[in-house]
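Q: Spelled out from the first residue to the last, the chains are:
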Amino acid sequence: MSNSSLLSITNLKAGVEGRTILKGVNLEIQAGEVHAIMGPNGSGKSTLASVIAGREGYEILGGGIRFKDQDILDLEPDERAHLGLFLAFQYPVEIPGVNTTYFLKSAINENRKARGQEELDAVAFLKFIKEKARLLDLPEDFLKRSLNVGFSGGEKKRNEIFQMAALEPTVAVLDETDSGLDIDALKVVANGVNQLRSPERAQLVITHYQRLLDYIVPDVVHVLYNGQIIKSGPKELALELEAKGYDWVIEEAGQAAAVTSQS
Amino acid sequence: MSSATETIEGFVKSDYKYGFITDIEAESAPPGLNEDTIRFISAKKKEPAFMLEWRLKAYHHWLTMKVPTWPKVAYPPVDFQDIVYYSAPKKAGDGPKSLDEVDPKLLETYEKLGIPLHERAKLAGVAVDAVFDSVSVGTTYKETLAEKGIIFCSMSEAIAEHPELVKRYLGSVVPHTDNFYAALNSAVFSDGSFVYIPKGVRCPMELSTYFRINAAKSGQFERTLIIAEEDSYVSYLEGCTAPMRDENQLHAAVVELVVMDRGEIKYSTVQNWYPGDEDGKGGIYNFVTKRGLCKGQESKISWTQVETGSAVTWKYPSCILQGDRSVGEFYSVALTNNRQQADTGTKMVHMGKDTRSTIVSKGISAGRGQNSYRGLVQVRKSASRARNFSQCDSLLIGDQCGAHTFPYIEVRNTSSSIEHEATTSKIGEDQIFYCNQRGISTQDAVNMIVNGFCKEVFRELPMEFAMEAQKLLGVSLEGSVG
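Protein chains in written order, with our numbering: chain Y, 61 to 323; chain U, 302 to 783.
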């Protein structure tokens, strides 16, 4: 593992209620990179995102996850967040009576506290958050509304990206953030990710469709199938998948496996 | 990875911060209730004859009544002969003439509770009447208020110095025949606060009474009466705490409000009586009758309550909307944790034309807590174009608690409109995980979700108390995280 590795997943096996879903995932993400994970339904994409973030209910059956060279499997979800890990949810929750500004202020200050930084006061925070909203072209009333309550699907996803921009994570995992979005919302999501790109950070974009990758150009594309990464390649792989589907990759992987077992 | 479910369900009450006992010599009546007890109380307070008669009448009526069994709460029967009906710190028997004469131990007690009484440290902008067991031990800012013609004193003092007002209004909203506990209170009440706001006066500060039960086995039976004359306004707040004791203690108060034309009373309660321990041992039985009469046209009464304490709560602050265009409001947050039980709500009785009422009730149940909303909206024939809006929301934390809603609606008028909305939700693992993922701890996430749920009620509280209430909810839900 090189020194600039931010997220390193080795032979990760995980499941739910006795059913194994991830069957040995290997993934290495370096600082400055954007990786995309594609794959047919049921291949384990969302499980991978959940396990990285530490969601309860998943059983770890083997392997490891290191974040900035630290084993994070024993850490609570909030501790992982404090290290700089962010997950953009596929289905963001609603919290009535808690406005987005207050929620984000709590989140940012909790993270700052955990990192030994001084908490932002109300004035400094408001200035910071309005600047972020402007960058993402969000209307200001967004900040005053109860978190995700009464938001359209697109608005919820924009809110995820907004929170990501405000929390400035070292590694952001986007779990099918593009699903159900029209082209304008898709551009907002892509814009958010692209603004976050820097030599010190990395992003993992999980998606079902190639079209998001027109706007977020990945360094590496992986195909997740049946709980394993069966192919990795440059950005052109996404276009090939879009044109030809997944069958040829699955077949190729099957032949390779057969060859391995024969030898 | 520890599971958030366990954490949510594992919430246990943190140490009750006000559970200390003040070691002070007290003068008490022997336990038990009979005519002599009442004569003793009345004599102790040097009351005029009319008060003794009033009390005895209530006592005789009480003897004919039965403990109400309709609330959805379960507790062992109360032995009314085992209660001490009068307990007063010695020296303070007649009530001190000025705060300088108050026993330093009492001042210390209130200071520990965050309510400094003496002149130098008293709370800015809030006048306080401090009631300790059966008597009022001191009232701040009395002189400042008197300059505006406002009377703010203990009930004992009001009976002695303003008998004509007491005679006219005491029992006029809650008669002694009203219910079992109101009858009991009428017979044995020992003190409480009295407020009179004259015509056209806007009370320049918050008025507040702080109730403290200290003596063992004693019950607290206070009586509060607030009268707001035409075009007057007052905001009043009560707070309550008690020591941690293993046996249950009874608190049966009566509060009466009367508002004339265009007058307004805003009455807020932050109730934090000792709730008992995790297994339901000890705690206060809080059986209270609160009712306001909107007597004048365009008068207004607004009740706001945050109920986090007590083992059993039985309480329905109500409004009789008699004057045309009068307005009644009820905003409530009731939290039950561990084995706490609450049956609380309101009654809105529309009599005058174009009367309006609003009910917003937020019930939070955690642990094995049981929380019921019980409310009556009654529109009489005379109440043309009356309007009511009710909203009852319940929030469940864990899966061993319960939330119940009992709305009663009686409408005898075709021009009126009634709206009722109710929701029940559960703090979900999804919500907790979402907050966790953003870096917010499970404890803070629960507090945030609960406070968001209560927002509509908290914004009705006076500013400084809204902060207090938020903190109180946090403390009441605090537990072993992880």
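Quick caveat, the hints were computed from the structure, so don't treat them as lab data. Please note that the accuracy of each hint is not assured.
BS3-like cross-link-like pairs, simulated, lysine-lysine; straight-line CA separation at most 30 Å [what the hints assert, rightly or not]: (1) Lys345/U to Lys468/U; (2) Lys190/Y to Lys373/U; (3) Lys756/U to Lys165/Y; (4) Lys216/Y to Lys443/U; (5) Lys443/U to Lys373/U; (6) Lys190/Y to Lys567/U; (7) Lys449/U to Lys648/U.
Q: Against this structure, judge whether each hint is valid.
A: Verification of the hints:
1. Lys345/U to Lys468/U: Holds. Lys345/U to Lys468/U sits at ~19 Å (cutoff 30 Å).
2. Lys190/Y to Lys373/U: Not satisfied, since the Cα-Cα distance of roughly 49 Å exceeds 30 Å.
3. Lys756/U to Lys165/Y: holds (17 Å)
4. Lys216/Y to Lys443/U: violated (55 Å)
5. Lys443/U to Lys373/U: violated (42 Å)
6. Lys190/Y to Lys567/U: violated (37 Å)
7. Lys449/U to Lys648/U: violated (33 Å)
Going through the hint list in order, the structure does not satisfy hints 2, 4, 5, 6, 7.
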